[in-house]
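Protein sequence lines, in the order shown, are assigned to chains A and B.
To convert, take the position in the first sequence, counting from 1, and add 354; that gives the working numbering.
To convert, take the position in the second sequence, counting from 1, and add 4; that gives the working numbering.
Hints listed in this document are in silico derivations from the structure and should not be mistaken for laboratory results.
Accuracy of the hints is not assured; some may be wrong.
To be verified - Listed next, the stretches of chain A that the computed footprint assigns to chain B, with coverage defined by at least 3 CB atoms under 8 Å from CB atoms of chain B:
1) 363-377
2) 419-425
3) 513-521
4) 536-543
Said to hold, decoys possible - Here are the simulated lysine-lysine pairs, DSS-like style, with alpha carbons at most 30 Å apart:
5) Lys-136/B - Lys-434/A
6) Lys-174/B - Lys-419/A
7) Lys-136/B - Lys-373/A
8) Lys-174/B - Lys-389/A
9) Lys-72/B - Lys-88/B
10) Lys-72/B - Lys-186/B
11) Lys-399/A - Lys-189/B
12) Lys-399/A - Lys-15/B
13) Lys-398/A - Lys-91/B
14) Lys-398/A - Lys-174/B
15) Lys-15/B - Lys-91/B
16) Lys-419/A - Lys-399/A
17) Lys-174/B - Lys-88/B
18) Lys-72/B - Lys-10/B
19) Lys-10/B - Lys-399/A
20) Lys-190/B - Lys-136/B
21) Lys-399/A - Lys-434/A
22) Lys-88/B - Lys-373/A
23) Lys-72/B - Lys-419/A
24) Lys-389/A - Lys-10/B
25) Lys-136/B - Lys-88/B
26) Lys-398/A - Lys-10/B
27) Lys-398/A - Lys-15/B
28) Lys-10/B - Lys-91/B
29) Lys-399/A - Lys-186/B
30) Lys-389/A - Lys-144/B
31) Lys-419/A - Lys-189/B
Only a predicted model underlies this, so the values are computations on that prediction, with no experimental measurement involved.
Just so it is clear, CB atoms sit at the ideal spot from N, CA and C, and this is done for glycine as well.
Each chain is listed here by its residues.
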Amino acid sequence: MECFVSVNDIRRYFDGEMKQEERDQFYLHLPDCIKCQEHFEEVKKTIALTQSASHIEAPPAFTSKVMDNLPHKKPRRRWKTWIHNHPLIVAALVCFIFSSIVFWLIWIGSDEVTISGEGNVEVIRETNTVLVPEGEMIEGDLVVRNGNVDVQGEVHGDLTVIHGEMSTTGQVTGDVEEINQMLAWIWYEIKTLTKDTWSSS
Amino acid sequence: MDEWMKRCVQKVQEGDTDAFSEIVNAFKDRVYQISYRMLGNSQEAQDIAQEAFLRAYTNLSSYDPNRKFSTWLFRITTNLSIDKLRKRKPNYSLDAEVEGTEGLDGYSQLAAQDVLPDEQVVMLEWQASIQKEISALPPKYRAAIILKYMEDLSLQEMSEILNLPVATVKTHVHRGREALRKRLKKW
């Protein structure tokens with residue numbers, strides 16, 4: 355009888371891919387074909403031998419060895435988790451702290467008296483005072499930092515004193531503002547900045 | 005089993021380290037079997053099996069609880085074993101003496117079974133001979149044969165463990181089986 359069984363057919367038999375009829379035919383063929391018989395028995399033996407070798411146990415104390423080697427999980431700190439969950443708040447905080455430091459440094463940084471505004475004023479070094487003498491007229495705003503102001507003449511505009519005291523015997527037509535608090539100063543800086551930005555654009 | 009496993013994994017994830025020992029106990033024999041059959045050497049097998057559990061522990065957050073835990077664990081084990089085989093010096097064999105253990109070859113390192121001494125010897129020789137034949141297979145066929153006939157896994161599970169399509173797994177099983185058949189002919 356001629357052999358119609360290929361290696362692939364035998365594979366299909368062992369992988370359970372043969373249909374019932376095919377399998378019946380295969381069984382009928384086996385007793386007549388020594389080649390197939392051999393192959394079939396050998397595969398069966400191979401599988402049986404392999405399966406028979408499959409009873410291995412882990413060495414004693416295996417579990418305790420694994421457990422001893424586990425890394426100690428550090429509990430994640432709460433604030434770390436919090437930072438992880440709130441990136442926007444963290445960014446805002448960092449920004450706030452940074453700008454606070456900058457403002458603070460500027461605030462305490464210089465003792466130099468600075469004057470902005472147009473007109474003739476006298477600076478009296480001894481008392482750290484800016485004097486607007488009698489009869490003098492300043493057109494526009496006058497801003498004095500780190501010094502006292504004594505207005506005996508006239509200011510046609512706003513008068514602002516930062517980090518200092520003022521005494522006016524003369525006349526100021528605009529608003530008079532004395533800023534000795536850091537927050538008020540920051541607010542003033544922001545106001546001026548926005549005003550400048552608006553007017554320049 | 006699966007429900008119990010899920011609860012165990014969850015407990016470990018919540019920080020209960022002791023729950024992990026239950027997982028190790030449940031799987032140590034099968035994991036050790038894979039690494040031992042892949043490597044054919046009990047010292048290396050023990051190292052790899054331990055490493056597999058350590059990796060599973062540290063990477064537990066990446067385990068998808070909707071899938072079978074054993075599949076995930078066996079995947080780690082086979083990957084580690086195959087890596088180990090790759091890093092090995094070529095021509096490594098069971099007959100070679102293990103470094104630093106003069107006169108002690110691979111056979112004497114086989115795991116001992118709780119049987120009578122006489123039977124134990126026969127058993128060890130038997131196991132060693134089969135192991136020798138399995139070790140002669142290329143690693144990919146070896147993995148396929150071990151998972152299919154020793155761990156008794158389905159082709160689908162094997163495909164997930166080996167990260168190969170089912171058709172490829174089938175081919176590997178077939179080729180491994182054929183290679184083994186030719187080697188075991190003389191038995």
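Practice task
Go through the numbered hints given earlier and state which of them the structure violates, listing their numbers in rising order.
Solution key: 3, 4, 5, 6, 7, 10, 12, 13, 15, 16, 19, 21, 22, 24, 26, 27, 28 and 31
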